[in-house]
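Participant: With the hints as constraints, model all of the structure from the sequences given.
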Amino acid sequence: MSTRRYLAGLVALGALSACTIVPSSGNPTTVEKEDGGSDPLSQPYVRVIATEPKPDATPVEIVQGFQAAMAGFDDTSRAIARTYLTPEARAKWNPAKANTIICDCKFTPAEVPDPDAKEYAVPITGKQIATIDPEGRYLASPADTENNAWDPISLVKLDGQWRISAAPAALLLRPDDLSRAYRTVTLYYPDLAGQGLVSDRVRLPIDPVRGFPESLIERLLLGPSKPLSDGVRNTFPPGTELRDIRVEDNAVVMDFSAQLGELASAPERLRAVKAQLAWTFTAVAPQMPIVVTVNGEPFPGGAVRFQRGDFGEFDPSVLAKEPPGYYVLDGTLVKETKNNEPPAPVLGAAGEPNQAFHHPAMAELPYGRVAALRPEPGIWVADLAEGSQWQRWISGEGKLTPPSWDRYGEVWSVEKVGPEDALGSRVWRGVNGQAIPVTAPGLETANVKAFRVARDGVRAAVISDHGAGEQVDIGIIVRMGDYRVGGLETLIPPEEGRTILDIAWQDDGTVLVLTEKAKQQSLLVYSISGGDAPDTPTVDNRINSITAAPGTILAADENGALRRWDGTKWNAPVKSGVTYVLYPLG
Amino acid sequence: MPPPSASASGRKPSGSALKARGKRPRRTLRQIARGVRRRARRLAGRLRGAYRRSLQLRVVTSTLVVSMVVVAVLGVFLFQSITDAMIAGRTRAATAEAKANVSSVAGYFTVSQNDVPPKGGDQDTAVSTPVELAARALAERAGSRYDVIILNKSRVGQDRATGNIDVASVPERLRRDLQKSGSTTLSWRQPATLRYLDHAEPNQIGFVVGSLVFSPDGTYEIYHLFPLQEEEETLSSVLQLLIIVGAGLVLLLAAIASLVTRQVVTPVRLARQAAERLASGRLEERLKVRGEDDLARLATSFNEMASNLALKIHQLEELSQVQRQFVSDVSHELRTPLTTVRMAADLLYEAREDFDPMAARSAELMQAQLERFESMLADLLEISRYDAGAATLDLEPVDMRDVVLRAVGDSEALAERHATRFELRLPNEPCMAECDSRRVERILRNLLFNAIEHGEGKDIVVALGADRDAVAVAVRDHGVGLRHGEENMVFDRFWRADPSRARTIGGTGLGLAISREDAILHGGWLQAWGSPGEGTQFRLSLPRLAGSELKGSPLPLVPPEVEMRRTWRGQATPVLSAAAGESGVFDVD
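From first to last, the protein sequence lines stand for chains F and A. At position 531 of the first sequence the residue is numbered 531 (the UniProt record's numbering), and the sequence of numbers has no breaks. At position 225 of the second sequence the residue is numbered 225 (the UniProt record's numbering), and the sequence of numbers has no breaks.
Where hints are given, some of them may not hold.
[Said to hold, decoys possible] Keeping only pairs whose Cα atoms sit at most 30 Å apart, straight-line, the calculated DSS-like set for lysine-lysine is: (1) K288(A) / K312(A); (2) K99(A) / K180(A); (3) K92(F) / K106(F); (4) K54(F) / K180(A); (5) K153(A) / K106(F); (6) K106(F) / K127(F); (7) K153(A) / K54(F); (8) K157(F) / K118(F); (9) K338(F) / K321(F); (10) K517(F) / K127(F); (11) K92(F) / K118(F); (12) K157(F) / K153(A); (13) K54(F) / K106(F); (14) K575(F) / K338(F); (15) K153(A) / K118(F).
[Unchecked claim] Here are the in silico distance ranges between beta carbons for each label pair: (16) T30(F) / S236(A): 30 to 40 Å; (17) V238(A) / A8(F): 28 to 38 Å; (18) P216(A) / E489(F): 40 to 50 Å; (19) G296(F) / M68(A): 37 to 47 Å; (20) G218(A) / N571(F): 49 to 59 Å; (21) V238(A) / T30(F): 24 to 34 Å; (22) V70(A) / M288(F): 42 to 52 Å; (23) L7(F) / V70(A): 42 to 52 Å; (24) M288(F) / V66(A): 53 to 63 Å; (25) L7(F) / V65(A): 30 to 40 Å; (26) M68(A) / T30(F): 29 to 39 Å; (27) G296(F) / E230(A): 22 to 32 Å.
Since the hints were made in silico from the structure, they are not lab data. Predicted model only: the values in this text are computed from it and were never measured. Beta carbons are placed, not taken as given, at the ideal position from N, Cα and C, and that holds for glycine.
Facilitator: As structure tokens, this is what we get:
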């Protein structure tokens, strides 16, 4: 009897232990890239560990160590790099004020130093690639600075140890160091009207102590970089500081100092600030909502919680991804259609046959309008409405560049002024039929071939000729008083024998440039903040006209075919009859 | 059994101690400490008392202690095995990951950085050196889960780290051992504290796995630093849970023990209370019998015992009553013939001079023995009155000095015969007391006769003392004294200190017994002290107001000079119990 009971107990125990604790079956669930409680704000990065000079190091080792220490961002005062310097050099060396130099440098001395030598110089060879100013702007150096005359790094022997007595004034980084120690970020600032955001791409040094999100928002608070700062504004009240940034309840909580609380009485500015934060923080956590607090308290006048999706209308690109394009087909402006349907002519004058216009530009917002050049001089505008007529908005006497719309419903063009053989231009903008001249100091003594206002409404790309050949400049439209075009910076310097055929904005930071040199056309994609050049599509046929929108490029080739770049190859949805292509704005 | 309210009463002393401290801040620290100690001692004593008395408290306490020990042992064992399993699992997984990482990036290090073709260009992604590639690959794999540090002792500027980990997190010993081993197949592991740059993050507990990778540029040390913060947090929450559950379990067990013992203890407590009431004379006390268990049987037996006892006591009482009645009746019946015999004897005694000397002597003897017989009969009658509860007091306020003087006067003649002198110590003021002076005089007379009898001719001290509530008379002789234990026996009826000794004064053997009955009737005490060779002292203490309770005596029971002598010798006098309730006779003789 008792044996049987024991047996029963053993069987029960065995049955219990056969059940597993970990589930062996279940429903499939999606897994995030990094699942499991890790901080979504932190992103992996590598840093150089700066070390102090080793005893009895050779001059080359000292220079290499110095270079590595300069690339180490552990502390912003570069205390370890300074240990490679002599005391006098240490006192003078202040790299924080100078532009950081990116160069493909090598420190290779010709000969080994004499053991008894007290002084020595290590030459620097290599070419300068770019500079980064203290604001973080990347300025690519001209390609022809091949053989820079670098001052050699001189060393002296102090107490039997080599130390650098004359160091380069600026931080000298290699491309490796640049990609490791800096992150390219896009800051967003509202235009002066507060209607949209303008991107400002800068290089942000990685600060391991503060972390990337904190550095990013602090950089945003500092304000836009130089030439752009005239055309946009920083809506943060002066003196605003970031106190803390953390993740709480699956939302990013940004805690600012009390100054931000002033915006409680200015809802429009607050909205711009929220848009700025939401768009800028996309680089860190695009999906997470943001909560703004002031001094640890909820924002005065109601909690502030938002996402980037709430501020779609602030998009500096204005256009959605891969929007439908427009093209001139047999003298009529038509809209691109899908699935091989016959193209639909636009409403109004531009959509009617035999209208004799060329180089049209189109605005969909705030009004649907088409501006174009016609056989008669001037810029002609027709509404995208049934039965509209061409109206002359700008009546220039000289040759006018093709019109370009901005997002505020103003049409821009540049008139050639002065004698035919002299350089000179005047910038016009047309507002509701009125032409208003705009001062543009940089363009008054240049011929302008094209003037394209970016879709963000602040930047303008200009094909100009200052006498040395055609070049592409990026300018800033300052919408204050009677407007001004300033801050011109050269994106593509002039080159002997090269002509620039056309430019087009792809998005807020990318410009397409069609050049021709020795009968050879090439299409270049330029990032206006420099640095990285996306893959450039090669052209197989000669192109007459290009246009671009986020994610897509349209071209009209010499055979009248409509060509579309799908990222890997050119398609030809329309085989003939296309003379000009365009996307709204840009 | 008092309820286990030890904790409630135990808090009081400390509370009052605090209050006292607050009230009298001038007390020195030592006094305070002494006070606290005293209170603690008192509390401990009270707790000990409660523990000794309460069975329930004892059971609950032992259950608490045992279950605490068991839960603690189990908890430690459980926690230890959870910790081991968790840490071991994590360590194993992390080490495997570190090894996999190292072997996957080892390929980058097969080329020297000098052999890498310069890429140039202005591209952001221009990464050329092997260590850079390896560090990026490792950073990508590590994410924010752990950190990697790459060190190269022989080349300058080849040290890399991911995240904001501080290089000082790699323990020196691990580096040394790793460098010494010089093997790429072996990895080294060591627990460490992970530090972060500028304390951007708090230090974390973790461990470091180090491996070597050979390269044309020298040997690279690759350290993986894994934080164990999550495990630490999980384990500490598990620990908290264990402690809470353990404490709850212990308390639950104690509550269960308390409940179970209550079921047993309550009937036992009722039985005890019933037994106490029975002992105090309430013979009709019975227990309620419920059920048929052991406790019910205990109650049945108790009840049987109680009824048997009551029966026996009743029988004995009846027997005693019969005996007393017999004594009383015999005494009464003897009086009538005795009167006749007495009258005849008186006649013979008065005419004795006419008899021959032999007959005259016989008449004298008869007369004396008849007197003794008479007084004995009187005493017997008196004591049977007490036994019957028929004695009453004739109360009046009297000056005790007069009572003492009268009693001394009555004893003068006997004292002279024994060549004994009285030393009177009387107060100057009147000592008024409400009492029956006849009875008190009889007591004092008895005491004085007794003292003369045993005083061996030495002085007898008679002292009268009074205070607000009571008066006392002490009679002290310096005779042979009493042996230890005889202080109460002297009040027994017909007791004799030395049976061989003859009665010289002709006491009846009932004097002290009657005196004690008289004292009790007054609500007073009659007590004796004696010591061999030091004499005897009897003390009569009476309340000033009849009917009021006597709380103390104005005179000491032990003579002051004896007490002083003993104190010098450093001995304490055993406190004599107040003789009350029992009757007895000191054989005075």
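Participant: Hint by hint, note whether the structure agrees.
Facilitator: Now the hints, each set against the structure:
Taking the CA atoms of K288(A) and K312(A), the gap is near 22 Å; set against the 30 Å cutoff, the hint holds. Of the supplied pair hints, the one linking K99(A) and K180(A) holds, its CA atoms being roughly 19 Å apart against a limit of 30 Å. Restraint check: the Cα-Cα separation between K92(F) and K106(F) comes to about 24 Å, which is no more than 30 Å; the hinted pair holds. Of the pairs offered as hints, the one joining K54(F) and K180(A) holds, with about 20 Å between alpha carbons and a cut-off of 30 Å not exceeded.
About 22 Å separates the Cα atoms of K153(A) and K106(F), which keeps this hinted pair within 30 Å; it holds. Pair hint K106(F) plus K127(F) holds up; C-alpha atoms about 9 Å apart against a cutoff of 30 Å. For the suggested pair K153(A) and K54(F), the alpha carbons sit about 10 Å apart, so the restraint of at most 30 Å is met. A distance of roughly 5 Å separates the Cα atoms of K157(F) and K118(F); the hinted pair therefore holds under the 30 Å criterion.
Between K338(F) and K321(F), the direct Cα distance comes to roughly 15 Å. Compliance with the 30 Å bound is thereby established for this hinted pair. The straight-line distance between the Cα atoms of K517(F) and K127(F) is roughly 26 Å, inside the 30 Å bound, and the hint therefore holds. As the CA atoms of K92(F) and K118(F) are separated by approximately 21 Å, the hinted pair is consistent with the 30 Å bound. The straight-line distance between the Cα atoms of K157(F) and K153(A) is roughly 23 Å, inside the 30 Å bound, and the hint therefore holds.
At most 30 Å may separate the alpha-carbon atoms for a hinted pair to count; K54(F) and K106(F) meet this at roughly 20 Å. Of the pairs offered as hints, the one joining K575(F) and K338(F) holds, with about 15 Å between alpha carbons and a cut-off of 30 Å not exceeded. For the given pair, K153(A) sits about 27 Å from K118(F) by alpha-carbon distance, which is consistent with the 30 Å threshold. Roughly 31 Å separates the CB atoms of T30(F) and S236(A), a value that falls within the hinted 30 to 40 Å.
Between V238(A) and A8(F) the beta carbon distance is about 34 Å. The supplied range of 28 to 38 Å therefore holds. Separated by about 44 Å at the C-beta atoms, P216(A) and E489(F) satisfy the suggested range of 40 to 50 Å. Range check, G296(F) to M68(A): about 44 Å between beta-carbon atoms, so the 37 to 47 Å window is met. About 53 Å separates the C-beta atoms of G218(A) and N571(F), a value consistent with the hinted range of 49 to 59 Å.
For the pair V238(A) and T30(F), the beta carbons lie near 29 Å from each other, so the given range of 24 to 34 Å is met. Separated by about 50 Å at the C-beta atoms, V70(A) and M288(F) satisfy the suggested range of 42 to 52 Å. Against the hinted window of 42 to 52 Å, the Cβ-Cβ separation of L7(F) and V70(A) comes to about 29 Å, which falls outside the hint. At about 55 Å, the beta-carbon gap between M288(F) and V66(A) stays in the expected band of 53 to 63 Å.
For the hinted restraint 30 to 40 Å between L7(F) and V65(A), the CB-CB distance of approximately 38 Å keeps it satisfied. The given range of 29 to 39 Å is broken by M68(A) and T30(F), whose C-beta atoms sit roughly 48 Å from each other. Distance hint check: the CB atoms of G296(F) and E230(A) are about 27 Å apart, consistent with the given range 22 to 32 Å.
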